[in-house]
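Asker: For the protein sequence lines, the chains are A and B, in the order given. First residue of the first sequence? That's 1 in full-length UniProt numbering, and the numbers climb one at a time after it. First residue of the second sequence? That's 1 in full-length UniProt numbering, and the numbers climb one at a time after it.
Accuracy of the hints is not assured; some may be wrong.
[To be verified] In silico SDA-like cross-links for lysine to any residue, where the CA-CA straight-line distance does not exceed 25 Å:
#1 K142/A - D175/A
#2 K142/A - R186/A
#3 K111/B - K142/A
#4 K230/A - L86/B
[What the hints assert, rightly or not] Stretch-level coverage of chain A by chain B, calculated; a stretch enters the list once three of its residues show a Cβ under 8 Å from a Cβ in chain B:
#5 62–74
#6 149–157
Treat the hints as calculated values from the structure; they're not laboratory data. Heads up, the beta-carbon is just placed ideally off N, CA and C, and yes, glycines get one too.
Read off the chains here:
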Amino acid sequence: MHSHSQSFPVLAGFAVLIPAHNEAATIGGLVEAAKEHLGGDVVVIDDASTDETACIARSAGATVLPLSCNLGAWGATQAGMRYALRTGYQQVLTMDADGQHLPEYLPLLLATLVSGEVDVVIGACPERGSRARQLAWSYFRKLTGLGIEDLTSGFRAYNEAAMKVLAAPDATLLDYQDVGVLLLLRHARLRLREIPVPMRERDHGGSRVFPSWLVVGKYMLQTSLLCLAKVGMNGKRRVAQR
Amino acid sequence: MIDYQWTSTLIGLLIAGLILFLVRRDHLHGPYAIWWLVVAAMVVVLGAFPRLFDTVAPLFGVAYPPILAVVLGMGLLLIKMLTMDLERSRQERKLRRLTQRLAMLEALLEKERRNRPAQKEGGAGGNGDQVW
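Build the full structure now, drawing on both the sequences and the hints.
Answerer: Here it is in structure tokens:
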């Protein structure tokens, strides 16, 4: 375990990215746990929180990117990736701030990534969630042809090639970090692998992504449209930045 | 009672005047001003010569000439709305990237500040420009 806050830029290594919106209750413990289990730098992207999230994360030893407007989980994650690329990190790991991802599995994700056979490792727990969610997932799997069991998991590890694809302006107008992101990665012919990990239920509050049925409906429509618009774009074009 | 032609010509001129005023006051950005000026010019022309549609409509097989004006007007409005949404998406992307960039810069500044708390005369951060 090592924490290098003394030098900038950090020219190698990896960072853990945690997008957080009003997660004061969990963020401190999470940053410490991530540092303890994996070492390296922890970057908390504070998605315009109105509570003490940024402060607590900072005092727990994280670098904080304070977003001045709320960009949502994906916008925040992308900010972290842009930062990581600029500061010279070669791998990033992403995890949710609500406590459903277990920091003790971070090393497993990183080890699978650095084995070099894949560009993105997804910590998957497809058995979580309600029947409705399972149904939605199988619907999107059929629609996209993505062979991914857990489409929405934010517990992932990316190498530099994947970071470059996702930090590009093309990925900026995505609203969720699931199907759209996976389609972009497939389009860039990157190799994805899922590894099974256990997940916990949220510690505090309800789901940030799906607070109501109206939002779920909007999500289903928006994501379906995205899938249909991207039909046939299965890696025929290589992303220039790669 | 004045002629209808004068009413519509006057409306067109008023719109054109308003647009020029808004551009002059810096309320309307260049490309948008041009679109609206073209609209005002059309209103003036069609207002002055309302018979234009009577000659054009039969060429398009439209039996009742005023309908052509309505259909064209609605079509142009739809195009205008679409271009507005395109512009909004472009701006949204720009805003998101700027927000991200600002956060990155703030993090950098914070880091620089922490790294050298004692140096007060240092001025701007040394390698910051190269990195960003």
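Asker: All hints are to be evaluated individually against the structure, with a verdict given for each.
Answerer: Okay, the hints, checked on the actual structure:
1. K142/A - D175/A: Distance of about 21 Å is within 25 Å: holds.
2. K142/A - R186/A: holds (15 Å)
3. K111/B - K142/A: Violated - the C-alpha atoms of K142/A and K111/B are around 46 Å apart, more than 25 Å.
4. K230/A - L86/B: It holds: about 18 Å lies between the C-alpha atoms, which stays within 25 Å.
5. 62–74: holds (count 8)
6. 149–157: violated (count 0)
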